[in-house]
Amino acid sequence: MSETTKETGGTGPSHRSMEISVALFMALLALIGIYGSNKVGIGWADDGPRAGFFPFYVSLAVLISCAVNLTKVLMSADEGEIFADWNQLRQVGAVVLPTAIYVGLIPYIGIYVASALLIAVFMRWFGHYSWLLAIAVAVGVPIATFLMFEIWFLVPLPKGPLEIYLGY
Amino acid sequence: MLEDVTNLFHGFAVVAQPFNLVLMVVGIVLGVIVGVLPGLGGANGVAILLPLTFSMSPTSAIIMLSCIYWGALFGGAITSILFNIPGEPWSVATTFDGYPMAQQGRAGEALTAAFTSSFVGALFAVIMITLVAPLVASFALRFGPPEIFSVYFLAFCSFVGLSKEPPFKTVASMMLGFGLGAVGLDQMTGQLRLTFGVEQMLNGFDFLIAVIGLFGIGEILLTMEEGLAFRGNAAKLNLKVVFQTWKELPRYWMLSLRSCLIGCWMGISPAGATPASFMSYGIAKRISKNGSKFGTGQIEGVVAPETAAHAAGTSALLPMISLGVPGSPTAAVLLGGLLIWGLQPGPLLFTEQKDFVWGLIASMYMGNLVGLLIVLTCVPLFASILRIPFSVIAPIILVLCAIGAYTVHNNTFDVVMMLVFGVAGYFMKKTNYPMAPLVLAIVLGDKAEEGFRQSLLASQGGLGVFFSNGLVSTIMTLGLVALFWPLIQSGWTRLRFGKKGLRPAE
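Keeping their order, the protein sequence lines are chains A and B. Counted the way the working numbering counts, the first sequence spans residues 1 to 168. Counted the way the working numbering counts, the second sequence spans residues 1 to 506.
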């Protein structure tokens, strides 16, 4: 992988390899689509196309486009552009990971508690705020949300053991 | 025509009810906040706030949602000018001259110019909608399934042929969207498609989840690359500056008019507000006497893109309410809202739900006016929102996105899907796969497919039904022209200029 970069001064996975990966991934989805469409039938019944007709041709189109895109990428010269440098990717990952945990926890502890945890983690780890401020905001925002959504607009949100304990 | 004017006044009466007025102001404020914050752009913000409106009447709901839309349109300009961060894709062109102006201490001038131009552009588009929408709707009442499908066909082909993204990437995006939209229960045969026995896939992928994930989470992830700091210029808007700028602006009425037309034209087609703003900037640069100074803080460089972008954003609602085909992802979200409230967007809306449609159109006038007043007075307030450190704002945005994703179907699986779409959106954006066709395909895929199959049902399987009469053939041909436009264009230039190609690039 070349070391030359666009604006950043670091190294990272090359743009080219990313393009190839994305095209391959989409092609994989297309193949899944083709397989799934086949299961419900892709031909013509008496009264028109069967359920799998449309998804089949659509998936085929995706496959063909991916092939074209892939060919274009493979045929063009590698200019050494990087997709993002590892630093940037680390920052992105630093958001994706807590969010993934957050999303995973919601069904179990409810969205309010999970949100409080997420905000506290962000403020403490990334923002280096004091515990007091972090907790204040982390508790304040879910409470405000609770008031706005549950009480004012009457929109229920997932709740966990804490809320059940409090009688909601 | 006269009847429409009466309807419009009736619409104003509906809007002027105190509850709706309050909603309008709330909507605009929320909209500007949403437009100012990254990751909560127009389409995403409307999607998240959509469930709040379930307890209101559809008319009140659409008034609030469309005001959020206007607010977001205005808000995008604030961050572009003050922070060089485009709040929306269509505010990118505004940063070219807006940010230099702010750096020269002329932020107030730039902001006033931007807001006023937006107002003018939107107003122009709304007047056009008032005049044209009922005509289009009455015309469209004569549409049968083949005609309906041909309109969708035209819309999708325009995306492929007329957007600046590589066509095969657009096709891939779009087709993927169709595929995703097809997951779940097939309406015509009652069979389950592509669910592979996973219970949560029964309902398929709701496009709102896709919107929140792609445009919301994806946007945040992209912003994360730049790190966690927003540094911007101070913004104070005093009345003197406002009036001074207002005195100067009428000089550019020709530019304004041109931008309005560009905006309206591009807004109606699914191309949308972003290309409109770039096109308008480019043309203004070429035509203006000060063209060479564009990029250093020319006020025309702010007027042109803002007028066009707002005209486009507003006129994107025209095909939505009259034909049921949204002209932009945000319009698609509004369309989704209409479906959820049980309204059938399209020509029937004009005959069966007059209150709603004209209330919406009237709110467009008032919403823009109120919006202009609010942004002119409250800019420092909104700008200071961005001063809140990212480590505080980012999790809050994530929480709001999660809430938005959950409330669509009260399903925590959707929140997971939102994250998946978010990561996918990040990769897609970085590799130049356009997201708008994906979203539009998820929204419209079912309806387009339905139109296709109903047409074939009627014609007993012959594809010729799509060219069976003048109207549908015309639309289909337009679609094919749009699809192959880049080829046509290059062929045409080859013919005119021979092998030498185009004029020297600028």
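Simulated from the structure, these hints should not be mistaken for lab results. Backbone N, C-alpha and C define an ideal beta-carbon position, used for all residues, glycine too. Hints are supplied without guarantee of correctness; some may be wrong.
[Said to hold, decoys possible] Lysine-lysine pairs mimicking DSS-like chemistry, simulated, CA-CA at most 27 Å apart:
(1) B:Lys354 / B:Lys293
(2) B:Lys429 / A:Lys72
(3) B:Lys447 / A:Lys39
[What the hints assert, rightly or not] According to the in silico footprint, chain B covers these stretches of chain A (three or more CB under 8 Å from chain B):
(4) 24-35
(5) 63-76
(6) 85-93
(7) 99-113
(8) 132-145
(9) 156-165
To see whether the hints hold, each was checked on the structure:
Restraint check for B:Lys354 and B:Lys293: the C-alpha separation of about 49 Å exceeds 27 Å, so the hint is violated. With a CA separation close to 18 Å, the supplied pair B:Lys429 and A:Lys72 stays within the 27 Å bound. For a cut-off of 27 Å, the pair hint linking B:Lys447 to A:Lys39 stands: about 22 Å separates their Cα positions. Check on the stretch 24-35 of chain A: 5 of its residues sit with their Cβ under 8 Å from a Cβ of chain B, so the three-residue criterion for coverage holds.
For the stretch 63-76 of chain A, the stated coverage by chain B is satisfied: 5 residues place a CB nearer than 8 Å to a CB of that chain, which reaches the threshold of 3. For the stretch 85-93 of chain A, the stated coverage by chain B is satisfied: 3 residues place a CB nearer than 8 Å to a CB of that chain, which reaches the threshold of 3. Check result for the stretch 99-113 of chain A against chain B: holds, 8 residues qualifying (beta carbon to beta carbon below 8 Å, three or more required). Residues of the stretch 132-145 of chain A with a Cβ under 8 Å from some Cβ of chain B number 4, which satisfies the need for three, so the listed coverage holds.
Remark: the stretch 156-165 of chain A is confirmed as covered by chain B, as 3 of its residues place a Cβ nearer than 8 Å to a Cβ of that chain, reaching the required three.
The structure fails to meet hint 1 from the earlier list, while all remaining hints are met.
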